[in-house]
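Novice: Sequence:
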Amino acid sequence: MAQKHRIIHGLAFQKEGIFLPGDVCIYNDRIVSEEEYFQIEGEETVTEADGGYVIPGLTDIHFHGCMGSDCCDGSEEAFRRIAQYELSQGITSITPATMTMPEETLAQICRTVRDFSCAEGADLCGLYLEGPFISKAKKGAQNESYICAADTEMLKRLQEFSGNMVRTVVVAPETEGAMEFIRQNKNQVRISLAHTTADYETSKQALSLGASQLTHMFNAMPPLSHRAPGPIGAAADDGDCMVELICDGVHVHPSVVRTAFKIFGDDRIVLISDSMRATGMADGTYDLGGQAVTVTGNLAVLEDGTLAGSVTNLMDCLRTAVTSMGIPLASAVKCAAANPARAIGMFQDYGTLDPGKYANIVILGKGLDTKAVFLRGKRMA
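At position 131 of the sequence shown the residue is numbered 131 (the numbering used here), and the sequence of numbers has no breaks.
Calculated from the structure, these hints are not laboratory results.
It is possible that part of the hints are untrue.
[What the hints assert, rightly or not] Derived SDA-like pairs (lysine to any residue); straight-line CA-CA distance at most 20 Å:
(1) K139 to P328
(2) K371 to P102
(3) K4 to E44
(4) K15 to R30
(5) K136 to T202
(6) K156 to P223
(7) K4 to E34
(8) K371 to H5
(9) K378 to V46
(10) K15 to D354
(11) K366 to K139
(12) K139 to D304
(13) K262 to L329
(14) K15 to P328
(15) K204 to D240
(16) K371 to G42
(17) K371 to V322
(18) K136 to P102
(19) K204 to E174
(20) K156 to K204
(21) K4 to G17
(22) K138 to G177
[To be verified] Listed next, with one range per pair, are the computed distances between beta-carbon atoms:
(23) Q3 to G345: 38 to 48 Å
(24) K366 to E41: 28 to 38 Å
(25) S208 to G284: 42 to 52 Å
(26) E43 to T152: 51 to 61 Å
(27) Q188 to K378: 48 to 58 Å
Computed from a predicted structure; not experimentally measured.
We put the beta carbon where it would ideally sit given N, CA and C, even for glycine.
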C-alpha cells in the first residue's frame, strides 16, 4: 500500500549547505516535492521534528567494522551486524573497507557483498579496498605480509566476484605499477591515494592520471610542509580532488581540521569514521586485519602504539566536528552525507533531501541527539 509521510516543524538541510524551516515530504521510499505530495491521494502520517534538524542519512564510505564485526570477517552475519548498527546511529548508507589481506580473503568478502541484503540495516552501496596496493614504509595498521604491487588483473577478478560493487581502491602512487594502474582503472573505480611516501610531484602526476581522492588525509602520508607539500599540497592544488577526514578527536587535531576546511572548503571534504570492530563495544583487545588492537576509550592502537583505526561512528564524528572543533553543522552534514555520496557515484539517490532521492532521513534534536531514523521512507528508530 502506498505510504504518505510528512516531517514537519524542522530545520531542513538544503543541498547548498544551509538549513531552512520547512517540511520534508515522503511518498513510499522517495522524497517528493510538497506540490507533488499534496496531489497524491490517501491518508498521511506526520512526524513532528519539534524545531530540530532534519538531515539526510549519513554515508560512511570508509570504515572497517563495529559491534565486534569486521568487513574482513567476510561473512553475511558480520555484514548484517555492521549494517544494523550503522543504521541505528543514523548512517543509512555504507561502503565498508577491507584491510590489506590475501586475494582469496578479499575474494570471499567480494562474494558476500555481491549477494548481501538486509532490510533492517544501512544500504550497502559497495566496497572500499584499503590495500593491498600500498607502501610498506607507510603501512600503518596494515599487515605488511600481504602488500603487493598494483594489479589490474586482481582488481578485475575482485570486481567480477563482487558484481562490480568495488567503489574505491587505495593506491600508493610511488609503488611499482601504480601509475599505469591509475591510468587503466580511473573510469572503473574511484582511486584514492594513501599509505604512501609520495612527494608533491608524484602525487600531482597520479592526480593528473585519474586519482581523485586522499584517504584519511594527514594519516599514513607525508605531512604538508612549506618546502615539501606532498600529497596534501598536490590535492589542494588539483581543485577537484576530494579528501577524507577523521574527526574522532584522536586522528587529527581540531586546529588542523579547521585548517583543512579553510584550504579545501566543505565541497571537497568527506568525513569518514575509519571505525574498527571495537566501535560500540567495551574497552579491550580486538583484531584488525589479523593484528591485535588495544582499545581504551576512543583510542585504538597496535602493540607498538600505531593508531589502528577509530572506535567512533560517523555520526559521533560529526558531533565532535561541530561541538569540539568549531565546524558549522551544515558544513559537517554536507561532508558526511552529500560529499560521500558524490565520491562513490551514488549522488543521484543519496546525500540530500532533494525530491527523487531515497527517503533516508535523520532527525536530530537541538543538542544533536538522534530523535528518529528513516530508511527508504520507513521509520527504523
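Novice: Check whether the Cα positions of K262 and L329 lie no farther apart than 20 Å.
Specialist: The given pair, whose Cα atoms are some 15 Å apart, holds under the 20 Å limit.
Novice: Regarding the pair K138 and G177, is the alpha-carbon distance no greater than 20 Å?
Specialist: holds (17 Å)
Novice: Would you mind confirming whether the straight-line C-alpha gap from K371 to P102 stays at or under 20 Å?
Specialist: violated (42 Å)
Novice: Holds or violated: K15 and R30, Cα atoms, limit 20 Å.
Specialist: Status holds; Cα separation ~16 Å.
Novice: Between K371 and V322, does the CA-CA distance stay at or below 20 Å?
Specialist: holds (18 Å)
Novice: Would the pair K4 and E44 pass a check requiring their Cα atoms to be no farther apart than 20 Å?
Specialist: At roughly 5 Å apart (the allowed maximum being 20 Å), E44 and K4 satisfy the hint.
Novice: Hint check: K4 vs E34, CA-CA at most 20 Å. Holds or violated?
Specialist: Holds. K4 to E34 sits at ~11 Å (cutoff 20 Å).
Novice: Between K15 and D354, does the CA-CA distance stay at or below 20 Å?
Specialist: Measuring from Cα to Cα gives roughly 7 Å; hence the hint holds.
Novice: Given the range 28 to 38 Å, decide if the beta-carbon distance of K366 to E41 lies inside it.
Specialist: At 35 Å between Cβs, range holds.
Novice: K204 and D240 were given as a pair; does the straight-line alpha-carbon distance stay at or below 20 Å?
Specialist: Roughly 12 Å between the alpha carbons, so the hint for K204 and D240 holds.
Novice: Keeping to a limit of 20 Å between CA atoms, is the pair of K156 and P223 held or broken?
Specialist: Violated: K156 and P223 sit about 33 Å apart, past 20 Å.
Novice: Determine whether the Cβ-Cβ distance between Q188 and K378 falls within the hinted range of 48 to 58 Å.
Specialist: violated (34 Å)
Violated hints for the displayed structure, listed by number in ascending order: 1, 2, 6, 11, 16, 20, 21, 23, 27.
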